[in-house]
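Asks: Working from the sequences, and respecting the hints, build out all of it.
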Amino acid sequence: MPELENPFQETLLSRHRAEPCTVVIFGATGDLTNRKLIPAFYNIAAAGDLPPQFKVVGFARREKTDEVFRAELEAGNRKNSRQGHNDELWGSFAQCIHYHRSEFEDPAGYVKLKLLLDEFDKERGTPANRLFYLASAPEAFKPILEMLRAAGLNEGVGGKWARVVCEKPFGKDLATARGLNDVVNATFDEADTYRIDHYLGKETAQNIMVLRFANSIFEPNWNSRYIDHVQITCAENLGMEGGRGGYYDTAGALRDMVQNHLFQLLTLVAMEPPTDLSADSVRDEKVKVIRALRPLIGPEAVGKNVIRAQYTAGSVDGVARVGYRQEDRVNPESKTEPYVALRLFIDTWRWQGVPFYIRVGKQLPKKATEISVHFKKPPQVPFATSKLIKNSENTLVIRIQPDEGIALRILCKQPGQAMNMQQVKMDFRYSSSFGKASPEAYERLLLDAMAGDATLFARRDEVENAWKFIDEIEKAWHKSDAPPMMHEYPAGSWGPKEADDLLRADGREWRLL
Amino acid sequence: MPATLNESDLARLGIETPISRIDRALKQLWENDEAKTRASLINFSIYTEDSSTLASDNDLLDHVAAEHACRALLILALPESQPPRARAWIQALCRPYQGKQAVCSEQISFVLEGGDAAQVQNIVFAQLDSDLPLVVWWQADLTQNFEERFYSRIDTLIIDSSRWSDPARQFDALLAAMRAENVDFDVRDLAWTRSHFMRTALASCFQDAAALQNLAKLKTIRITHLKGQRTTALLLAVWINQRLKTTLELELIEKDSGPALHSLVLEGDGVRGEVRRDCDSSFIHVCTSCGQHEHKDLLPADVDSDAELVSEQLSRFHGSTLYSTMFPLVRAMLK
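Note that the protein sequences, when read in sequence, are chains Y and B.
Just so it is clear: in the first sequence, position 151 is 151 by the working numbering, and no numbers are missing.
Just so it is clear: in the second sequence, position 150 is 150 by the working numbering, and no numbers are missing.
Nothing false has been slipped in among the hints.
Computed cross-link-like contacts, DSBU-like style, restricted to lysine-lysine with a CA-CA straight-line distance of at most 35 Å:
{"#": "1", "chain 1": "Y", "residue 1": "Lys122", "chain 2": "B", "residue 2": "Lys217"}
{"#": "2", "chain 1": "B", "residue 1": "Lys296", "chain 2": "Y", "residue 2": "Lys114"}
{"#": "3", "chain 1": "Y", "residue 1": "Lys160", "chain 2": "B", "residue 2": "Lys296"}
{"#": "4", "chain 1": "Y", "residue 1": "Lys122", "chain 2": "B", "residue 2": "Lys219"}
{"#": "5", "chain 1": "Y", "residue 1": "Lys160", "chain 2": "B", "residue 2": "Lys245"}
{"#": "6", "chain 1": "Y", "residue 1": "Lys160", "chain 2": "B", "residue 2": "Lys217"}
Hints in this document: simulated from the structure, not taken from any laboratory.
Replies: Following this line, the structure appears as structure tokens:
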């Protein structure tokens, strides 16, 4: 019998509404569920965008009842919900939350999960879509996926779909990423695999495509003829607080941030216009950028283009901070980099000769992520007595966080008799221009996953090509006879001097955030 | 000045300024305080011919500007008032930003006694923030001041058909304007927006598989609405019939108090869907029953005040093509 369509649903286009769905969160007692996922679902509910007859099942090892689980999540939601907490709404929303106790490796636990999901479908009177969210530690991904397959949960029921959402890190190098992808794709089709990168859920990240492709003034200038260079900075003013050192010391800034978040931003800035906005058209263009990255092979090329560093003791915001190797759960002889700066080239017609400088670091003076596009200076300034001031090129700044927005720096004549120029800034801020707060990245991404829009999720070839590039740098650092140096910078500074030298050698400077 | 103009209402409009000096006065307003940031994304104008709404419209602009940075224009036209006289006031509508700065919109208010169509146009067009879209909330009936040279420059026209004194005639005027040559404005009807939560909830109601299979058995629509919201209820009923491609028997029940739309019940042999909003509640109760099977849900109710409805409309930059197909049908029901 053909599936009936709800005639009232189709016209409500103003809201992004998915079909009935059950979400199963693996690792449901973890921080991510409490701090991000449940508050995101709650806020989706508060906006009225939750699919009808929605259910969420927490799957974890600890013994607890639905009631206890709900109470724990309620406490988390009170603290973390973007729009605050309403008892009446929570009371209704909480009814859709359930807890399922099982070991990740226990086949019987998955059989019982299947029975539970079937029971929900029976209550609904119709099968629902199923979304499996892997929020557990990455080493648990493999057994979970294998068990899902063994229980037949990787297949949708009654014409509905089953999908998987994977949290980062997606592998720690090309080999592990491939291994993981093989496991995932043995269980779910690539089209049903959603690798989440929360940077892509941010309003400004999504706005990059609009800025570039919906405004006719930028795209004609968006190439090596007019752009001198691009900088991408992700600065954090924290170190290894809250026991993060344990994981971080096995990853480092390059793997933890550059391979995923910053490469995603890089691809959005550098990609060619997609033919349409379908997920694969956009991702096809993004992966072309990663493939076109000029490889950095061998310690010499890496040493010349990549600066790694660890922070030493210093102070941030007037508070004393210990050095990286003295941080909690960090190996005192660690060779992991909490700071990395890279000079990259994209070998395409559009970007020939344009350096992309990327830097990311911990214990920097402030928390900020931004992209700055630095345009070339005019060939000559026809004002004989005027002298162009330092860093006077037009700069377009895309602020990802905090204070999301766009600023354009231009030169203007100073008022007065003399022909003096001054930099001025045209500034657009989401928060002051749009009174409404942007949804949290997870809200957008969860809705997209439930509605089947994979545009803001990483595809297998994106992930693997990014690892391929990163692996060569890691190899030069850790497996060569003459590895490039690990530099140092005092906590609270803008990174090592060598990172400044990387740009100075090209006659450029890092933008002061 | 007619007795209906209340000086205390006028005093709340800000600093009275000669119309020819508005630009200079605005500049001075910003120069006085460096902690203020001026922001503007649209020109938002309220046009009214009812002096009793001046104070509430002034409050409404403050609310709207908090969410939508704009050049706000409040125009009170009193075409019958003599002798002709035009007065203007300016003020900044500010809200705190990050605890120290204030983000502000500019508001210019006009009282146009004896104001005719040409005067209204001249005033509005002279005070627009250039290059930004023009959104006009025309609160009055579409009177003679609503004429082609004016509406041809509007990007979005907000109306509230439930406020019209003679809806059938006003819908005709609106249709004529929309069909005029060189006219391409979006229409947002607050009466239609008001039913949004009911429509969303109804969709949720019939997401239930059992209820969905029994849709064809539905026979009646019963809508309970606030007095004065008949057009709102009719728009909702027309939409339901259009979606179901049928004509269900319609019953409208009027109440003296409560939300604009209180409840909606669709009923037929063995199937029933109900959407209900209790007084002052931020949520709506949805209940679907089909034989022994029953499904209940609680959904957020949409905003209800004029200020919130307008603000909601300004958040949606795309026009409602659905509404354009609805209101000619409502017009037919009003005959």
